[in-house]
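One line per chain: the protein sequences are V and X, in this order. For the first sequence, this note's numbering puts the final residue at 607, and the numbers step up evenly by one. For the second sequence, this note's numbering puts the final residue at 607, and the numbers step up evenly by one.
The set of hints was computed from the structure by calculation and includes no laboratory data. Errors might be hidden in some of the hints.
To be verified - Simulated pairs of lysine-lysine, DSS-like, Cα-Cα distance not exceeding 27 Å:
1. X:K260 - X:K141
2. V:K426 - V:K402
3. V:K141 - X:K564
4. X:K564 - X:K605
5. X:K338 - X:K12
6. X:K12 - V:K141
7. V:K605 - V:K574
8. V:K426 - V:K229
9. X:K564 - V:K104
10. X:K564 - X:K574
11. X:K548 - V:K104
12. X:K338 - X:K402
2 protein chains.
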Amino acid sequence: MRWSQSFIPTLKEEPSDAEVPSHRLMLRAGLIRQLMAGAYTYLPLGYRALRKAEAIVREEMDRAGAVEIHMPAIQPIELFERTGRIHSFGNVLIHFDVARRGQKVRLALGPTHEEVITDLISRHVSSYRQLPFTLYQIQTKFRNEERPRFGILRTSEFLMKDAYSFSASVEQLDQAYQAMYDAYCRIFSRCGLEYVPVEAESGPIGGDASHEFMVPAPNGEDRILRDTKSGYAANIERAVTGRRPSPVPAEAPADAPPMKSLDTPGTTSIEQVSKLLKCKPHQMIKTLIYLAINEFRGGRPQPVAVLIRGDHEANENKIRRVLGAESLELADEETIQKVTGAPVGFAGPVGIRCPVIVDHDIPLMEKAVVGANAADAHLVGVRIGRDWLPSTVGELQAVSFKIEGNADDRTTFDLRNAAPGDPSPKGDGTLELVHGIEVGHVFKLGAKYSVSLAATFVDEKEQSHPIIMGCYGIGVNRILAGLVETRHDADGIIWPISVAPYEVVVVPLNVQDPPVMELAERYYRELQDAGVDVLLDDRDLRAGAKFKDADLVGFPLRLVIGGKGLQDGVVELKWRDQPEAEKVPVADAVAAVRRQVAERQAALKAV
Amino acid sequence: MRWSQSFIPTLKEEPSDAEVPSHRLMLRAGLIRQLMAGAYTYLPLGYRALRKAEAIVREEMDRAGAVEIHMPAIQPIELFERTGRIHSFGNVLIHFDVARRGQKVRLALGPTHEEVITDLISRHVSSYRQLPFTLYQIQTKFRNEERPRFGILRTSEFLMKDAYSFSASVEQLDQAYQAMYDAYCRIFSRCGLEYVPVEAESGPIGGDASHEFMVPAPNGEDRILRDTKSGYAANIERAVTGRRPSPVPAEAPADAPPMKSLDTPGTTSIEQVSKLLKCKPHQMIKTLIYLAINEFRGGRPQPVAVLIRGDHEANENKIRRVLGAESLELADEETIQKVTGAPVGFAGPVGIRCPVIVDHDIPLMEKAVVGANAADAHLVGVRIGRDWLPSTVGELQAVSFKIEGNADDRTTFDLRNAAPGDPSPKGDGTLELVHGIEVGHVFKLGAKYSVSLAATFVDEKEQSHPIIMGCYGIGVNRILAGLVETRHDADGIIWPISVAPYEVVVVPLNVQDPPVMELAERYYRELQDAGVDVLLDDRDLRAGAKFKDADLVGFPLRLVIGGKGLQDGVVELKWRDQPEAEKVPVADAVAAVRRQVAERQAALKAV
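Based on the provided sequences and hints, a complete structural model is requested.
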């Protein structure tokens, strides 16, 4: 391709509305243009990069034995009603009615395709002999992003590779999951991404086990805790800490002053109380009243008080798992009034009328500020063991908690999000916080969708079971965003050769100089014939402007022709990620480019 | 790929709801499955064929110098308001509101992308030096089909290649149009389609010149008139006839009986009147009252009576052009009452109070049945020249008709759809009617969108002009539907090798027989290594069932291994479109397959 015949509107100025490097550089390099909030057109260079990433994804899916199909974006809303995702997606699911021959037809735009594919498979699979298999597609997804931002990192429409595995056993699911996990590692490596697979909660999509593939980047919206010593990494919702149960003291020192009630009128948040009482959040205890629903108890919501240090974040998934609960929600005002005897905002452990579970860190606080279970009051100098106690194992078991131990013992739990400085759950390292961009996610779904959509198979004994599913997503656009976020310098993008819009840019210094242009044209033709992906910058601009644009777009290799070099019989090869150019005799340039490009490509493929 | 590891649910039974061969065979061959009315999932084989067609489209677009981009499906409705297409698309345009942070956002799903791309270009092109260029995308389009039908022929969501050319002059537009026209010919030839480029109206998309690429097929929804002698072909809306103006007789034979008024209470349609009066539609005249709007007359609607033989179809585009009108619509009741003095359904030429234009066929009717311009009455035995006369050239010119001639002359026009048997406009042939499937369309748009969306450039003299545009579409899915409609037999589909899901199917007769399976596996591996696109039918089924499936799917070449042939040291090569198989020595099979496949592929490429 010739630069003059493509459409590459590079910008000299910084776009005013771009907050992050990928957004800023993709606009400046002429890769994308915004159509409206959350919607971008991919210009020729941007679309070339996207298609290269897509091709790598496809190759590795095929290599992993997944089979490609293509499902419609428009789907009947009824499928989302059957799985309940119309509620769990909420405002994110785009759905609307159309009129056909006077009838209303209710449609949704697929945010993912679990419903459609499970419905399809339910009609075609009936026996274990047909299992296992994995299908995938690379298709446009739609989500109503409340806050589209950061360029192509968060948009309402994006290209997703979504794969779905169908298995007759957990072992088959494990194999399919591992095959996808391994394929993802190859994909991101081949794309030149620095990535970390992290343990993750499965979130509203449901299921039991999952990993996210994260690109560590300062502007990533996800928070990861990792311990580079052991390699442990998990997102903040999932990360477990290496903390141990803390012993609950039986009593306080004899000289400890008694707790005291202070007036805190209208002061209900940690922030407000710490300001009023001049204490730090880490000296306070948050008492959160939850309602836990355990199906085997008939679904009756059970109130429970959860105690977390004031500067920490409660983790509802951890709490739910400790309680062995189906679901968990913050208690309503009525329940809070009932168990605390006070309005919302003044709960505390002293005298509370429901089971109490505490985070590992709570007994480590010598004394604490807590709600007084009375309106407009907090207690200070409160000591565990003297003024209050967590529930015993027996009391907890009685309300369905799945813990073992002596009925009279009292213990502590991991109930909060991990925080930097926490001990790692693996080895003796320490967790550190990094931000990341999620580029992929693998889930063990289990039977969530096959049960709601009646996708079953019969086993060797003619017994019917729901098909065991996994689902596996990659945000193809985010591969680009992740690359640009992590591979750029002050001059522009630094593409890996596998995903670069062009491998090589040929830059004649002066297009008005016939010998220069003839050589440039010859190189362009010979490189094309050799299968090198090459752009000829045939614009009649001064060399400086062309170099600036080449660096801004970030072509991996620049071949410069003209000037004093050409008089000396050499041309210049410069890699975008190397500081120095190499001078090559005119006759050797094509061979040198071919060899160096092939080496770089091979290095990324050999993973 | 191994058959057992793909997902190819072939059907023995005829699907009950499939009306046309492409729908029926694509379901039976396991290429597609319906998700809902107008929405199909492409299963592995169907998607492979679709992607091969897509790749051919992309190659030829690139070869023609068009540059690929990718625009969002979701678009701001405001752009459709600016071009007025929100009205011209009507219920076909899918649009809806979403809520973002409490704000309503009004969105549409792109039925095509004239608005988005013109808006984009308006921001980046300002000078003639940047023109001409052509951009394209291969992207999913959405249209609310009132009557989705015929499988993938008419769906609400489809893959379209849409290209847009931007030019500074009509000559540049003509060149871009011709480049696309030629590329389309290559694309459809390479896909193995029998196609006809036909002249077409540009329809609601607007503009001046267009061709449709049609695949003649009995189930096609489009009607084409063509004259194979001269090569003339046009769709029915566009086809002109070779008829000439007919002389309007000055008077009737002296012995002709006078016209007579008959009571026809409540009888307003041609069908009803012909039944009541026991005459044939071709003995009747339809008098249609239109309102023509000519901008240069200040936009005042001008009523005009248009006379067509009762068995013919009026052609509003032809009428509009004869009138030189901006737009044309059937007159409202009030206007009809005013010019005929009667309610709707009884208009006729005798005594009507507006200009009258007549089709060429009208003076050829010796006498006719016409409306009486009086409620519940028709006139019979009406003779042109005696009982009524069409308007003179002068009268017509006075109301802005663009015709030349003596002011006192009366003439006739081509005002109706062409019909089989009409003389061809080229040479001395006759028009015949064929049905067709539209697979592509090229349009000269002119300045329609660049004017509404302010996409302008300045010329050498710093004068500003709207950019001159063309747009060019291919329905990629319809390439498949067109192929299956026209290339099948009683056993199944007959794919051309360029678009077939696999080029070759290797069929071991008995997978339980180790020597058979070893050879099959070897062929499979060697063919794959040689770059042949091969499917191994490794299913443990009897040979007859495998042959039936191979014929149903329609793989171009079948390589059969086993049985008596293998004992004799031969295997069998059978082309799907040849009646006889060829026996080939075991050692020569791979070379024979490679050579024959390469020959077939080359034959389709050499266009």
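Verification of the supplied hints:
| no. | hint | verdict |
| --- | --- | --- |
| 1 | X:K260 - X:K141 | violated, 57 Å |
| 2 | V:K426 - V:K402 | holds, 24 Å |
| 3 | V:K141 - X:K564 | violated, 53 Å |
| 4 | X:K564 - X:K605 | violated, 38 Å |
| 5 | X:K338 - X:K12 | violated, 64 Å |
| 6 | X:K12 - V:K141 | violated, 34 Å |
| 7 | V:K605 - V:K574 | holds, 22 Å |
| 8 | V:K426 - V:K229 | holds, 9 Å |
| 9 | X:K564 - V:K104 | violated, 61 Å |
| 10 | X:K564 - X:K574 | holds, 16 Å |
| 11 | X:K548 - V:K104 | violated, 42 Å |
| 12 | X:K338 - X:K402 | holds, 25 Å |
Of the numbered hints given earlier, the model fails hints 1, 3, 4, 5, 6, 9, 11; all others are met.
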